[in-house]
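J.: Taken in order, these protein sequences are the chains called A and B.
Here the first sequence is numbered in the working numbering, starting from 1 and rising by one per residue.
Here the second sequence is numbered in the working numbering, starting from 1 and rising by one per residue.
Just so you know, these hints were derived from the structure itself, not from any lab.
A couple of the hints might just be wrong.
[As the list claims (entries may be wrong)] Calculated lysine-lysine pairs in the DSS-like style (CA-CA distance at most 27 angstroms, straight line):
#1 139/A x 65/A
#2 157/A x 65/A
#3 98/B x 157/A
#4 98/B x 27/A
#5 139/A x 155/A
#6 65/A x 27/A
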Amino acid sequence: MTSQRNSKGKSSRAPKSFDNWINSWDKLLGETTALEVNTMVVEHITGEKFIAWETYRELYMISRKDLQNQGVHESLRDRYLELRTNIEREYVSLLRDPNSELYDSEQARNDTKPRLPDPTQTTIQTLLRNARFLRCLRKLGELKAALDHRNQAFKEKESETSDQVSHKAVKTDLIYAQTVMQLDSDIINRYSQEIFDHSHKELILQIHREGVQAAGVQWRGLLGFIVDMIERVGKRNTSNSTS
Amino acid sequence: MQHLRFRKRRQHKSSRVNLDSCIQLVTENITRQRVAFHGIRFYLNRETISQIQQAKANGDRIHISRPLLADLRYYALFDWENNLQSGLTFSTYYQRGKTSQALIRSIMFPDGDAIQQVRSDSLQRPQLALTLISAHHWLVEQLLRELRPHSSGSWHRLAWVLSALIVAVVALPLLGWLASIHPLWLLLILLIPVAIWLLQVGIRGLLHGLWHQILFGRFSRRRTRKLALRMLGWMEL
Numbered sequence: 001m002t003s004q005r006n007s008k009g010k011s012s013r014a015p016k017s018f019d020n021w022i023n024s025w026d027k028l029l030g031e032t033t034a035l036e037v038n039t040m041v042v043e044h045i046t047g048e049k050f051i052a053w054e055t056y057r058e059l060y061m062i063s064r065k066d067l068q069n070q071g072v073h074e075s076l077r078d079r080y081l082e083l084r085t086n087i088e089r090e091y092v093s094l095l096r097d098p099n100s101e102l103y104d105s106e107q108a109r110n111d112t113k114p115r116l117p118d119p120t121q122t123t124i125q126t127l128l129r130n131a132r133f134l135r136c137l138r139k140l141g142e143l144k145a146a147l148d149h150r151n152q153a154f155k156e157k158e159s160e161t162s163d164q165v166s167h168k169a170v171k172t173d174l175i176y177a178q179t180v181m182q183l184d185s186d187i188i189n190r191y192s193q194e195i196f197d198h199s200h201k202e203l204i205l206q207i208h209r210e211g212v213q214a215a216g217v218q219w220r221g222l223l224g225f226i227v228d229m230i231e232r233v234g235k236r237n238t239s240n241s242t243s
Numbered sequence: 001m002q003h004l005r006f007r008k009r010r011q012h013k014s015s016r017v018n019l020d021s022c023i024q025l026v027t028e029n030i031t032r033q034r035v036a037f038h039g040i041r042f043y044l045n046r047e048t049i050s051q052i053q054q055a056k057a058n059g060d061r062i063h064i065s066r067p068l069l070a071d072l073r074y075y076a077l078f079d080w081e082n083n084l085q086s087g088l089t090f091s092t093y094y095q096r097g098k099t100s101q102a103l104i105r106s107i108m109f110p111d112g113d114a115i116q117q118v119r120s121d122s123l124q125r126p127q128l129a130l131t132l133i134s135a136h137h138w139l140v141e142q143l144l145r146e147l148r149p150h151s152s153g154s155w156h157r158l159a160w161v162l163s164a165l166i167v168a169v170v171a172l173p174l175l176g177w178l179a180s181i182h183p184l185w186l187l188l189i190l191l192i193p194v195a196i197w198l199l200q201v202g203i204r205g206l207l208h209g210l211w212h213q214i215l216f217g218r219f220s221r222r223r224t225r226k227l228a229l230r231m232l233g234w235m236e237l
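Based on the sequences and whatever the hints tell you, model everything.
T.: Printed below as a string of structure tokens:
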């Protein structure tokens with residue numbers, strides 16, 4: 001699967017003014033309800049940067065026919081399709097969740113599954129700004145990058161495909177553990193089925209625990225800075241409006 | 001892709017460990033005005049790892065060069081690519097023989113989403129994997145913690161000194177002249193502290209306004225913004 005770097009102006013145009021700057025942070029911090037840490041074991045570390053629109057477009061394009069045309073290795077096709085199913089599921093659940101800003105009462109009553117919106121439509125931006133959808137999209141993007149890499153490796157050694165390699169495909173490139181710490185102090189841990197059969201199960205869990213502990217401190221550092229900056233520049237703003 | 005290496009500097013304080021030489025900011029020039037930020041890389045080897053372990057045990061902190069810190073602040077605040085959704089990516093490369101391989105990657109999104117990835121073959125050496133993950137997270141923690149400036153108060157002091165100087169240069173000769181007309185004018189001397197105080201408030205507002213302008217004004221660019229962020233530690237609210 002080719003991942004073309006197409007910088008689409010609309011989504012990446014820099015909002016320059018102070019108001020935009022404050023508003024974007026305000027919205028982002030307002031929607032933050034939990035710290036979520038995901039631990040993945042991957043065959044290869046890729047340097048791909050997450051760009052919501054591109055990730056969405058790539059996931060949107062996945063279809064059995066397309067995978068076949070692209071010559072994606074057979075053992076991976078189902079996993080690609082699974083990614084597409086996951087993003088669809090998230091979209092549908094957002095439409096049917098009365099608490100979500102994308103809630104559509106008609107869709108909630110409707111039994112037929114709504115289709116994912118076309119990435120070239122302008123309305124797509126609302127979806128791509130939704131915090132919950134973004135979180136899902138990021139993870140699927142990482143999983144897809146891992147699959148892309150694996151597919152590339154298959155292509156390179158086309159002749160040596162053995163059962164062992166395809167078996168390994170199930171073992172790595174997964175989110176093994178996930179911890180969600182709600183701001184109201186509820187903690188939820190989720191583990192993938194595969195971790196229980198993994199030969200390094202304890203090690204992965206320990207790495208995950210390290211990650212969870214570190215993420216809390218790191219996030220506080222980042223937020224502390226952002227809030228400090230907003231206060232600094234905001235102070236000037238309020239003194240302007242009162243004078 | 002352009003790699004910016006930061007030159008090693010001498011340690012400033014004994015409790016600060018300097019690891020600038022193994023920290024790399026990865027950026028890509030898209031156009032002359034636009035630079036895409038890809039993340040931060042840590043290049044570790046046995047030596048740097050033991051340095052980190054020691055610093056961690058002693059409770060030391062990392063010393064980060066001012067340009068690196070300003071860059072980091074800039075990308076944390078203004079990396080607008082896709083409306084703040086890209087997050088900050090950190091990768092750890094470990095030197096094996098002559099080559100370095102990326103073994104760990106973590107991404108921190110400001111909305112509280114975090115992803116950490118470990119390369120599967122590094123699990124074959126559990127001790128090394130754990131050492132690396134702890135070094136990686138320590139470095140990220142240190143960098144993010146340093147983002148927030150420790151205000152030195154110089155901004156404050158500068159405003160007081162400036163206002164005192166202005167009052168001394170302008171008000172004192174004026175008073176001397178007035179006193180030569182009538183000694184009662186000397187009572188105005190009581191107002192001097194008030195004048196100094198008022199003036200320093202004004203100067204601080206002015207300096208802050210100037211700083212704000214550099215950061216968000218019509219002519220603010222990447223370079224001016226970085227300059228404003230470099231001044232952060234120096235200024236006071």
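J.: So, for every hint listed, does it hold in this structure?
T.: Cross-check of the supplied hints:
1. 139/A x 65/A: holds, 24 angstroms
2. 157/A x 65/A: The given pair, whose Cα atoms are some 23 angstroms apart, holds under the 27 angstroms limit.
3. 98/B x 157/A: holds, 25 angstroms
4. 98/B x 27/A: Not OK: residue 98/B and residue 27/A at ~47 angstroms, beyond 27 angstroms, violated.
5. 139/A x 155/A: holds, 24 angstroms
6. 65/A x 27/A: violated, 39 angstroms
The structure is inconsistent with the numbered hints 4 and 6, although it conforms to all the rest.
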